[in-house]
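Please build the complete structure, drawing on both the sequences and the hints.
Top to bottom, those sequences are chains A and B. If you're matching positions, the first sequence starts at 1 in the working numbering and goes up one per residue. If you're matching positions, the second sequence starts at 334 in the working numbering and goes up one per residue.
Some hints here could point you the wrong way.
Listed next, the stretches of chain B that the computed footprint assigns to chain A, with coverage defined by at least 3 CB atoms under 8 Å from CB atoms of chain A [what the hints assert, rightly or not]: (1) 452–462; (2) 468–480; (3) 485–498.
Here are some chain A residues pointing at chain B (derived, C-beta under 8 Å) [stated by the list, open to error]: (4) Asp143; (5) Leu144; (6) Thr152; (7) Lys161; (8) Val179; (9) Glu180; (10) Pro185; (11) Pro186; (12) Trp189; (13) Glu192; (14) Lys196; (15) Ala200; (16) Gly201; (17) Gly256.
Just so you know, the hints here were simulated from the structure itself, not pulled from any lab data. Beta carbons are placed, not taken as given, at the ideal position from N, Cα and C, and that holds for glycine.
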Amino acid sequence: VSVPPNGVVPPRTASDTYQPAHSHLQAVLQRGRFAVTAEIGPPRGANIAPIRRKARLLRDWVDAANVTDSQSAVVRMPSWAGCLVTMQEGVEPVMQLQCRDRNRIALQSDLLGAAALNIPNVLLLTGDHPRFGDHPDAKPVFDLDSIQLIWTARTMREQRKLLSGRDLKPAPDWFIGAVENPFAPPLKWRAERLGKKVAAGAQFFQTQFVYDIPIFASWMQQVRDLGLDRRCFILAGVGPVKSLRALEHMRREVPGMYVPDEVVRRLRGVPEDRVPSEGLKLCSEIIMQVKEIGGVSGVHVMAFGWEDAIPEILAAAGLAPRQTTLESAMRSS
Amino acid sequence: VVFTQRALETFVARQECTTARCGGTLYLGMPAVAPTTDSARPFPPRTSARAMNALHRVLDRNPVWYAASIALMKTPPLYRAFTFVERAVKKQLFGCRMCGQCALPVTAYACPMTCPKQLRNGPCGGVGPDGSCEVYPSMRCVWLMAYERADQEDRLGDLRRLQRPIDQRKWGQSSWVNYWLGEDEGLWTTSDETNAAPPMLSASQPGGRTT
Numbered sequence: 001v002s003v004p005p006n007g008v009v010p011p012r013t014a015s016d017t018y019q020p021a022h023s024h025l026q027a028v029l030q031r032g033r034f035a036v037t038a039e040i041g042p043p044r045g046a047n048i049a050p051i052r053r054k055a056r057l058l059r060d061w062v063d064a065a066n067v068t069d070s071q072s073a074v075v076r077m078p079s080w081a082g083c084l085v086t087m088q089e090g091v092e093p094v095m096q097l098q099c100r101d102r103n104r105i106a107l108q109s110d111l112l113g114a115a116a117l118n119i120p121n122v123l124l125l126t127g128d129h130p131r132f133g134d135h136p137d138a139k140p141v142f143d144l145d146s147i148q149l150i151w152t153a154r155t156m157r158e159q160r161k162l163l164s165g166r167d168l169k170p171a172p173d174w175f176i177g178a179v180e181n182p183f184a185p186p187l188k189w190r191a192e193r194l195g196k197k198v199a200a201g202a203q204f205f206q207t208q209f210v211y212d213i214p215i216f217a218s219w220m221q222q223v224r225d226l227g228l229d230r231r232c233f234i235l236a237g238v239g240p241v242k243s244l245r246a247l248e249h250m251r252r253e254v255p256g257m258y259v260p261d262e263v264v265r266r267l268r269g270v271p272e273d274r275v276p277s278e279g280l281k282l283c284s285e286i287i288m289q290v291k292e293i294g295g296v297s298g299v300h301v302m303a304f305g306w307e308d309a310i311p312e313i314l315a316a317a318g319l320a321p322r323q324t325t326l327e328s329a330m331r332s333s
Numbered sequence: 334v335v336f337t338q339r340a341l342e343t344f345v346a347r348q349e350c351t352t353a354r355c356g357g358t359l360y361l362g363m364p365a366v367a368p369t370t371d372s373a374r375p376f377p378p379r380t381s382a383r384a385m386n387a388l389h390r391v392l393d394r395n396p397v398w399y400a401a402s403i404a405l406m407k408t409p410p411l412y413r414a415f416t417f418v419e420r421a422v423k424k425q426l427f428g429c430r431m432c433g434q435c436a437l438p439v440t441a442y443a444c445p446m447t448c449p450k451q452l453r454n455g456p457c458g459g460v461g462p463d464g465s466c467e468v469y470p471s472m473r474c475v476w477l478m479a480y481e482r483a484d485q486e487d488r489l490g491d492l493r494r495l496q497r498p499i500d501q502r503k504w505g506q507s508s509w510v511n512y513w514l515g516e517d518e519g520l521w522t523t524s525d526e527t528n529a530a531p532p533m534l535s536a537s538q539p540g541g542r543t544t
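Encoded structure:
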């Protein structure tokens, strides 16, 4: 795609009239192929080059890429803007949308914008509390919670109505995603919570970082016992540890992170300069292990500020570059 | 600016319009309310779920409570006094913040509005391995308390219900009166809907639950 110097071009799939989005990610999952998604963090600054670079890097390796929405309550470029850039680079985006910064008016408005720009996937979350971010003095909104937002999206798509009851013409269409943390108490209820999100309308899930395979496997067992693996697609969240400092940060500062002691011992057991390569190896091993667990439909790789490592991790885990990029999928459809 | 009698009348009329139950069955003037500005913090309930379930049977909707609610609505000073007592009692027992649309009967009487993220549908993913609140790590997650209390009473099915978005105009109102008047109907899904894909807006009402 030729991009003018100012970077302002319409998204490559845009047309004058709105067409329901066709999610390549959904197609991959429905065909039963092991799906791969990854995360792109937009920059703090008015520059799309970093997103462009990360998208190009991931293009041949992922089925879709999430663009985060001011994650950890730190101000960044919005997800929708990042999604347009990844689409220009031929990577299908997943637009993240959280309830921390928006009331129900803004949430529905952003969802409509995503559909109108043919962003085919949305990932709907509650969001981290502003207390952890760069603006702890901000007013947290939390007008809806994640389940209510998922339910709202399904209402807009299927009942063709806003929460006000007003009709939507045309009704939007997206593949609706959500998140779950199998490692947060109450562990026995986490599969039920996934079930609530499925009942509300979530079609695919990306989980919190998996470092503890036994807990994850027992959660998946509960998910299968409830029959939920047949009603949604579950992508296990994975990510590499870059340094011992990053490890400590994850354990102490990141809400909902659970790193078991044996992983800590393993990373501390190697010389300081070999921690990154051990981290990559560990991540690939985890991918291979979760792939064997029944009901797991794919992996979601989160490597904050270390996106360059993603192809290496996937290759080591035996996940070949994706044959069908967005471009070829569009040619064939 | 000269504050004329006319301006005062306009001002009063506008106040009434914003605080009246617009669209509902009653158009009585209500005390002016705003969302509480006290910050939500997890609150361990000071009473057992079992006792409260028993009390709920006494306070369940019936014609007597309905008539009492109408009487309260017609007499604003009485309504304010009643609301004051409700606030005092529920603040002591549940850390109530007066959202005006009580979810306690289906959360094992642990108040979800004391969750810093105002989650009505269960705990967030940030609960610490030790059960601590993501936002206030020295406190225990209120939804974890709800889960344990519901488990004890064998009422985990209650937590499976989908909770609809709340009406932010109802902050400061008496949730008991709202409940007895039937305004809370449809606030959460029924237990037989929980496994299907329940509609958020009811088909009969184009505007859904909103009042």
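Here is how each hint holds up against the structure:
1. Under the rule that three or more residues need a Cβ within less than 8 Å of chain A, the assignment of the region 452–462 of chain B holds, with 11 such residues.
2. Here the region 468–480 of chain B counts 4 residues with a CB under 8 Å from a CB of chain A, which clears the bar of 3, and the coverage holds.
3. Against chain A, the region 485–498 of chain B contributes 7 residues with a C-beta closer than 8 Å to a partner C-beta. That satisfies the three-residue criterion, and the hint holds.
4. At about 7 Å, the closest approach between the beta carbon of Asp143/A and any beta carbon in chain B falls short of 8 Å, and the interface hint on this residue holds.
5. The beta carbon of Leu144/A is positioned within 8 Å of a beta carbon in chain B (closest approach about 5 Å), and the interface hint is therefore held.
6. A distance limit of 8 Å between C-beta atoms decides the matter here; for Thr152/A the minimum to chain B is near 7 Å, and the interface restraint holds.
7. A least Cβ separation of about 6 Å between Lys161/A and chain B falls short of the 8 Å threshold, and the interface hint therefore holds.
8. Because the closest C-beta pair between Val179/A and chain B is about 7 Å apart, less than 8 Å, the hint holds.
9. At a threshold of 8 Å, the smallest CB-CB gap from Glu180/A to chain B is about 7 Å, leaving the interface hint in force.
10. Using the Cβ-Cβ criterion of 8 Å, the hint placing Pro185/A at the interface with chain B is satisfied: the shortest such distance is roughly 5 Å.
11. A hinted interface residue such as Pro186/A counts as satisfied when its beta carbon comes closer than 8 Å to some beta carbon of chain B; here the least separation is about 5 Å, so the hint holds.
12. Hint on Trp189/A holds. Least Cβ distance to chain B is approximately 6 Å, under the 8 Å limit.
13. A hinted interface residue such as Glu192/A counts as satisfied when its beta carbon comes closer than 8 Å to some beta carbon of chain B; here the least separation is about 6 Å, so the hint holds.
14. With its C-beta approaching chain B no nearer than about 6 Å, Lys196/A sits inside the 8 Å limit, and its interface hint holds.
15. Contact between Ala200/A and chain B, as hinted, is supported at the beta carbon level, the nearest pair being about 6 Å apart and thus within 8 Å.
16. Proximity of Gly201/A to chain B holds as hinted, the smallest CB-CB distance being about 7 Å (cut-off 8 Å).
17. Interface restraint check: Gly256/A against chain B, minimum CB-CB distance 4 Å, threshold 8 Å, status holds.
In the structure shown, no violation is registered for any of the earlier numbered hints.
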